[in-house]
Amino acid sequence: MTNISRADVAHLARLARLAIPEDQLDHYAEQLDVILQSVARVGEVAAADVPAMSHPVPLLNVFRDDVARPGLDREAAMAAAPAIEDDRFRVPRILDEE
Amino acid sequence: MKTVPFDEALTRYEPVIGLEVHVELGTQSKMFCSCSTNFGAAPNTQVCPVCLALPGAMPVANRAAIESIIRIGLALNCSIAEWCRMARKNYFYPDMPKDYQISQYDEPICTDGYLDVTVDGKVIRVEIERVHMEEDTGKLTHSGGATGRIHGADYSVVDYNRAGIPLVEIVTKTVVGTGALAPAVARTYVAELRDLMRALGVSDVKMEEGSLRCDANLSLNRPGDPWGTRTETKNVNSLRSVERAVRFEIERQAAVLDDGGRVHQETRHFQEGDGTTAPGRSKEQAEDYRYFPEPDLVPIAPSREWVEKLRLTLPELPSVRRARLAEAWAIGEFEMATLVNAGILDIVEETVAAGVAPDAARKWWSGEFTRAASERGVEPADLPVTSADIARVEELIASGALNDKLARQVFEAVLAGEGSPDEVVAARGLAVVSDDGPLLEAIDAALAEQPDVAEKIRSGKLQAAGAIVGAVMKTTRGQADAGRVRELLLERLGVEG
Ligand SMILES: [Zn+2]
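Protein sequences appear in the order of chains A and B.
Here the first sequence is numbered in this note's numbering, starting from -19 and rising by one per residue.
Here the second sequence is numbered in this note's numbering, starting from 6 and rising by one per residue.
The reader is advised that the hints may include incorrect statements.
[As the list claims (entries may be wrong)] To spell it out: a stretch of chain B is covered by chain A in this simulated footprint if at least three of its residues, at any positions, have a beta carbon under 8 angstroms from a beta carbon of chain A; those stretches are: (1) 42 to 50; (2) 246 to 256; (3) 298 to 307; (4) 362 to 376.
[As the list claims (entries may be wrong)] For lysine to any residue, the following SDA-like pairs were computed, each having C-alpha atoms within a straight-line distance of at most 20 angstroms: (5) B:Lys144 x A:Asp66; (6) B:Lys94 x A:Ser34; (7) B:Lys103 x A:Arg73.
[Claimed, not checked] Derived coverage of chain A by chain B (criterion: at least 3 residues anywhere in the stretch with Cβ under 8 angstroms from a Cβ of chain B; other residues may be distant): (8) -16 to -3; (9) 11 to 17; (10) 40 to 52; (11) 58 to 71.
Since the hints were made in silico from the structure, they are not lab data.
For glycine and all other residues, C-beta sits at the position ideal for the given N, C-alpha and C.
With the sequences and hints as input, model every part of the structure.
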């Protein structure tokens, strides 16, 4: 019995920009469900007195001083750019989003 | 686009507004890395592994930015969280190379404040829902499309200099019950926020450079009905546009509702040219940003001592300052609003401090200099004239060496770069003609030219004297003291002034 629906898989695929064919939605729903169930087992050992944790280190307020320092020069910064135009990163056009 | 006249729309509908303002902080370095934040640098020259999202780079929060947002929160009467986290807002769009923006979600650092604004003598409390910390995005330029807008663009180019600059988002609660004042309330709120940010010294708040940006939400409902569907108007880049955008949405939504239609929940774009709004992305399908706590940044827990220390650094609030100056200068709310809206309050205060009478300081800045500034497309305060210059010219007027007309000529020359007032006076030979000889000559000539006027004055119609005085001022190219000319004229004709 899966808790992940076909619609969930389609939604996640869209968010992740993955093309998943209709006939494979059930297949991935099952797989995702196995993964979620495995992770859920962690919850079984967490007692009520163990608070949820977002950070593995017990640190607070790590700040830096507001001092500007040179970063990368442009050649280095853009070395991995797939395309460049006017010293800017050139990217494919974006449809229907801003 | 169909619209209903504003006044008519308000006879049937009540507007509900909400404002989201983004303020780019004026820190030296970015929010999570040490790149410079200078405006106008060559593209992609203020970037590093952190703000370019290169593998392995780790963000560290800028203390000055956190202090700034706490001070903003305190000035807006907010509660400051004892503990909060940054969050990742995930989305695919090339303005952020990480594919997420570091922001805050359900744990904003400041909550539940307010800002009072005065519109038409009425104090309206705008409640603040939240003030949270985030980072600005890179700047995209779309190419290939006919309009430069995103639709129809073939590709885009990105400059990441702006990506990662600390950005503070200030979100109001919904503001109800403002009726016809809604557009003015929106504008005044943003203006008041701008003045507050300036007073706090946390941002240069230049709407034209994008360091203060506003999204205006608006919905309409019939009296007694639940709130309607709201639209969010973006691209509102000046105070005037804030007012126009809200006004237009009222007119447009009223037409939709009148026709029995329904308002679509969507993002709209304000069109500076004709003051309308155009539809953008539809928001019918809720966004799914999959926010989660940012694992690379530890929680922020401002100690109460730190917060109280920051509270002590708050400046006099703009509204308090305005009230103080209005009283000192003996002017009313309207005159004060004029100075604020013209952006000359600071410079007038500075001019008064330089020894100029408040009335004279206001007169020069709101007249002569505002005009000169708009001709040159600069802010009045950026004109090449100083408070000391004005003080000197006023001295020369008081001593009788200059009259108003000559003083204006002096300032024209000062603005043209001809030097200080004294240098201009000397170089141009500007001085009130104080020798009576040439004045009497000019008076005689004017009387000879206008004998009928001379007769009227002799018969006691003193208001006719203006024509002769005017003629004399013209012959002396404005270098005479009009009061003295009048005196001499009446003496000449043997009439009692
Ligand atoms: Zn950087």
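We went through each hint and held it up to the structure:
no.	hint	result
1	42 to 50	holds (count 5)
2	246 to 256	violated (count 0)
3	298 to 307	holds (count 8)
4	362 to 376	violated (count 0)
5	B:Lys144 x A:Asp66	holds, 13 angstroms
6	B:Lys94 x A:Ser34	holds, 16 angstroms
7	B:Lys103 x A:Arg73	holds, 18 angstroms
8	-16 to -3	holds (count 3)
9	11 to 17	violated (count 0)
10	40 to 52	holds (count 13)
11	58 to 71	holds (count 8)
Checked against the numbered hints above, the structure breaks hints 2, 4, 9 and satisfies the rest.
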